[in-house]
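Asks: Can you build the whole structure from these sequences, using the hints too?
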Amino acid sequence: MRRVFRRRTLLAGAGAAPLVVAACADESPPPESEPGELIVGAAYVPVGSGVIAGEVVVTQPVVGNYQGFSAICTHAGCLLNEVVEQTIYCPCHGSRFDLDGAVVSGPAERPLRPIAVRLQGDSIVRG
1 MRRVFRRRTL LAGAGAAPLV VAACADESPP PESEPGELIV GAAYVPVGSG
51 VIAGEVVVTQ PVVGNYQGFS AICTHAGCLL NEVVEQTIYC PCHGSRFDLD
101 GAVVSGPAER PLRPIAVRLQ GDSIVRG
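Mapped onto full-length UniProt numbering, the consecutive letters of the sequence shown carry residue numbers 1 to 127.
Pairwise CB distance ranges, derived in the manner of DEER restraints:
#: 1; residue 1: Ala43; residue 2: His93; range: 26 to 34 Å
#: 2; residue 1: Gly36; residue 2: Gly106; range: 26 to 34 Å
#: 3; residue 1: Gly36; residue 2: Ala76; range: 25 to 33 Å
#: 4; residue 1: Ser123; residue 2: Val62; range: 16 to 24 Å
#: 5; residue 1: Asp122; residue 2: Asp98; range: 24 to 32 Å
#: 6; residue 1: Val84; residue 2: Val63; range: 18 to 26 Å
#: 7; residue 1: Arg96; residue 2: Glu55; range: 14 to 22 Å
#: 8; residue 1: Asp122; residue 2: Pro61; range: 17 to 25 Å
Since the hints were made in silico from the structure, they are not lab data. Beta carbons are placed, not taken as given, at the ideal position from N, Cα and C, and that holds for glycine.
Replies: Okay, structure coming up:
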């Protein structure tokens, strides 16, 4: 009885092996890119200006050139509150930054921390 069980088990395992190998040989191409964390729709980022989305500032100095920065002011850690035309404003002490994150006027002395962003479809995502 044990020999019959072993033989059946061995044959069943041998019959399943091609299925396992075929499943491992899936040749579907990997996705072009993994979706990044959505920040904002690209349509909401005006050319020559920007938008604040949570703790990220996304700017578009020229058509199609999206840049991301931390929305935390480098002076005292306040959350930046608006982007008007080509200037990013901090409400706490009046620091201003340009669309490239550089300090326009203090008291902040350091530029905004860059955050990698990219256009994915019609959205701006991290990455």
